[in-house]
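Student: Below, each chain spelled out in residue letters.
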Amino acid sequence: MIFFLQQLVQGLALGSIYGLIAIGYVLIYNTWGVLNFAQGDMVMVGAFTVLVTYSMWGLPMYLAIPLAIVLCLVIGYIIELTAFRPLLNAENQRRLIATIGVGIFLRNLAQIIFGADAYPFPSIFGNKSMNIGGLVVVPQDIWNTVVGILLVVLLMIFLKRTRMGKAMRATAQDREAARLMGVNVRNCMSLTFVLASAIGGFAGMLLAPKYFVVATHGLTFGNKGFAAALLGGIASNAGSMVGGIILGILESLAAVYGSSLWQTAIAFLILFLVLVVKPSGIMGKKDVRKV
Amino acid sequence: MKKNQSNLTAAVGPNLAQRVYSVSRVWVILVLALVFPFLGANNYLLHMANVSMMFAILTISLNVLSGFTGLMSVGHIAFFGIGAYTTAILTTTYGMPIWLGFIAAGVVSALFSLLLGLPTMRLKGMYFSVATLAFGEIIYQIIKNWESVTKGTKGITKIPEITIFGFSFKSYDRFYYLMLLGLILVIVLTYNLKNSRSGRAMLAIRANDIAAEAMGVNVVTYKLVAFMVSAFFAGIAGAFYAHEMRYISPETFASVESSTLLAMMVVGGIGSIPGAILGGTVLTILPEVLRFIGDFRLVLYGAAVVAIIIFAPKGIGGLIDYLDELFSGKRHLHTKQLAKEAESNQDGSGEEGQA
Amino acid sequence: MSYILETKGVGIQFGGLKAVNDVNFTAEEGQITALIGPNGAGKTTLFNLIAGFYSPTAGKVYFKGEDITPLKPYQRTRIGLARTFQNINLFQDMSVMDNALVGQHCRMTYDPISAMLSLPNKHRQEKKSRADIMEILDFMGLADFADVKAGGLSYGKQKNLEIARAMATKPQLLLLDEPASGLNTQELDELSQRVLAMRDMGITVVLIEHKMDVVMSISNKIMVLNFGESIAFGPPEEISADPHVIEAYLGKEDEEDA
Chain A
0 MIFFLQQLVQ
10 GLALGSIYGL
20 IAIGYVLIYN
30 TWGVLNFAQG
40 DMVMVGAFTV
50 LVTYSMWGLP
60 MYLAIPLAIV
70 LCLVIGYIIE
80 LTAFRPLLNA
90 ENQRRLIATI
100 GVGIFLRNLA
110 QIIFGADAYP
120 FPSIFGNKSM
130 NIGGLVVVPQ
140 DIWNTVVGIL
150 LVVLLMIFLK
160 RTRMGKAMRA
170 TAQDREAARL
180 MGVNVRNCMS
190 LTFVLASAIG
200 GFAGMLLAPK
210 YFVVATHGLT
220 FGNKGFAAAL
230 LGGIASNAGS
240 MVGGIILGIL
250 ESLAAVYGSS
260 LWQTAIAFLI
270 LFLVLVVKPS
280 GIMGKKDVRK
290 V
Chain B
0 MKKNQSNLTA
10 AVGPNLAQRV
20 YSVSRVWVIL
30 VLALVFPFLG
40 ANNYLLHMAN
50 VSMMFAILTI
60 SLNVLSGFTG
70 LMSVGHIAFF
80 GIGAYTTAIL
90 TTTYGMPIWL
100 GFIAAGVVSA
110 LFSLLLGLPT
120 MRLKGMYFSV
130 ATLAFGEIIY
140 QIIKNWESVT
150 KGTKGITKIP
160 EITIFGFSFK
170 SYDRFYYLML
180 LGLILVIVLT
190 YNLKNSRSGR
200 AMLAIRANDI
210 AAEAMGVNVV
220 TYKLVAFMVS
230 AFFAGIAGAF
240 YAHEMRYISP
250 ETFASVESST
260 LLAMMVVGGI
270 GSIPGAILGG
280 TVLTILPEVL
290 RFIGDFRLVL
300 YGAAVVAIII
310 FAPKGIGGLI
320 DYLDELFSGK
330 RHLHTKQLAK
340 EAESNQDGSG
350 EEGQA
Chain C
0 MSYILETKGV
10 GIQFGGLKAV
20 NDVNFTAEEG
30 QITALIGPNG
40 AGKTTLFNLI
50 AGFYSPTAGK
60 VYFKGEDITP
70 LKPYQRTRIG
80 LARTFQNINL
90 FQDMSVMDNA
100 LVGQHCRMTY
110 DPISAMLSLP
120 NKHRQEKKSR
130 ADIMEILDFM
140 GLADFADVKA
150 GGLSYGKQKN
160 LEIARAMATK
170 PQLLLLDEPA
180 SGLNTQELDE
190 LSQRVLAMRD
200 MGITVVLIEH
210 KMDVVMSISN
220 KIMVLNFGES
230 IAFGPPEEIS
240 ADPHVIEAYL
250 GKEDEEDA
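Residue numbers (numbering that gives the first Met the number 0), protein chains in the order written: chain A, 0 to 290; chain B, 0 to 354; chain C, 0 to 257.
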């Protein structure tokens, strides 16, 4: 039982980060109507920005992280301006491939600047394992779970309660109607995009202590992130956190009870099955066919 | 009405130069392709040409699915891998003849496409794309981890060279001609498909699936047909790859390579067959040509994909179509017809109702 | 009396809303039947039920006396029931000829393998289909535009191509959804002439239309829908005198015209 709980805790820690990555996909998809294949690479960018501000510039952590987040916002804005805004009214295929292009660009740029090595990163919250009632836990894991879930809750409060958040939700639901109601749609779309980029980047910062910092992070964690997004339901913010946690727990269980070799294959098999059985995801509503 | 039409064609029909162009363009390209090995091409160049042609076939195959039918696949490299591994396993582990390996590569790949296609047929847009991505990832993981069959990350070595009736195609120049024959066959078959009842059904599904269904097209059937044809060609490309390289390993078929194929299709122009050939060739050769600038070439590559999507939505294929219509005189005809229509709309006379 | 098309108590609910409720619509062979009613009355929804894009939550649809309720849209097209769309739904990047050839899809039979290998049956069927389509394009005033892309046509011509494409399916029953919307006076005239000519060719026509003069002059019978229910069904003169209809529809229409 303890052993099972142990896997659960680890799955939760990993899953809440998947959830954070997933929510980036969901935000952009609902507002921009395109699955951003470069979102995974924003996770990688986030990890590298904090590597630069903390390890290379030697800033203290409480300055390094906010500065890294600001850098992610700026990079997100540049991506939005160059690859998303010009294609706002283009057909979906083209927009999808443009995001793939952005991903290739970011990944290889990181590889040129930092090489193909994996950089170690010190634990932000401590990595000395503790024993709580037989459970062996690492503070970083606990904090990742707490911070991840807290961030999603804050985001949802922001979207539901604040004026800006409501405007962003209105924009996501119906751009034209939002415009008629006096919402600055352009700004809302930009804000959603940079917010999603920053959340993705922040997920990368949380991953860094445990999974190192490496240019190909985008591929590994990006795919997991949108698997989580679709698992939970691409239309649902809360769903992506649920999807992330389910995926995280399933992966750690699969690694122990199955074989760690097949961990990824199992995750994608589950994604495939969910898509086939209920495309709208666990928390999503059913689409109605329009003629 | 008939007379009227022929007058119009006669008035703006192609001149002699345009006719010569129309008749000779394909033959000129074919002759150039045939003499290429004699133009001082060394083994390296021949190998690059062979790989380019494989990717041309792959890009054409992706075009049947994503370009014609509009089913955006983000996992197409899986079918290339299935084809390559099928023939590699059959001809090494089981010692089967190569021709059987080739057929099996296409057929097994097509069967796998049903495995992916049947459950995902009713998925729309992005959901379908993600399902193909999951499929690509699963196939890659199987290739990488099922060591007893695929030899895992070590890869399969000593894949036999192609011999037909004792005639070996081991050397790069001989393989070149075999590859060229394969490419030409795929091109002809795809052209025939595009200009047929089935091909038009696919194009109609991409343009507007509801209207296609209203016209009597069984949308599910033709999506599956597109899937199988596409996977069959991709599997054959994989067989060529396995027997040219004579060594295969999982990394070639990593799911991220699917985005390379998408890039080839888009750079060539979605739905365009000549574009697919050029897109496949250019993006195979470009990284080699740009080798002198080192890793920076891949950064450029990513930026170029975005730039082409934004500034040249129809890719190289759009440019070819434009020049082709210009040189063969068709563009002129179109302009005339549209001008005529504008005129008839303006004076309000329209076309006569043939009641 | 034999009806080529008949709906018996057909209805559909979206959520709690009854978009179409208990409609008994009939179309007699070789006649023109119109479907009118205010916006949102359920006309297009009824078309979608007849063409198979929606499955009714109540009632059945009969075509030539047979229950076709379980058939899919493409199967209904095969047995001779074609439709056009209210909003132009052409294949924009395909030529006029290719658009119409998609309509011939179910009248050709060769399979994808014969297509790829270009076998003789492909050539035979293609040749016949293209000849048939040239006749239809000629009839719709599109013969000169066969090689032009559908998206490059004027609005009026696109509407004609909608109809040509549906005619290419060789229908016995043709459902036209607002064929006259957006046409100028002269095009309206041509449309009326063509619909009458179609009837004379033996095609049964059912049309949704807002232009009352067109409807009144060419229809044999008219059904008026309001809030998803049929409130009158009869010949034009009867309909224009029906007080319910005048209240629900014609009165309002007059105001709009004024």
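None of these hints come from the bench; they were simulated from the model.
This one's a predicted model, so the numbers in the text were calculated from it and none came from an experiment.
Cβ atoms here follow ideal geometry from the backbone N, Cα and C, with glycine treated the same way.
Mixed in with the good hints there might be a few duds.
What the hints assert, rightly or not - So the derived list for chain A, only partly shown, Cβ under 7 Å to chain B, looks like this:
id: 1; residue: Ala82
id: 2; residue: Ile96
id: 3; residue: Ile103
id: 4; residue: Ala264
id: 5; residue: Pro278
id: 6; residue: Ile281
Student: Does the structure break any of the earlier hints, and which numbers would those be?
Tutor: As far as the earlier hints go, only 6 is violated by this structure.
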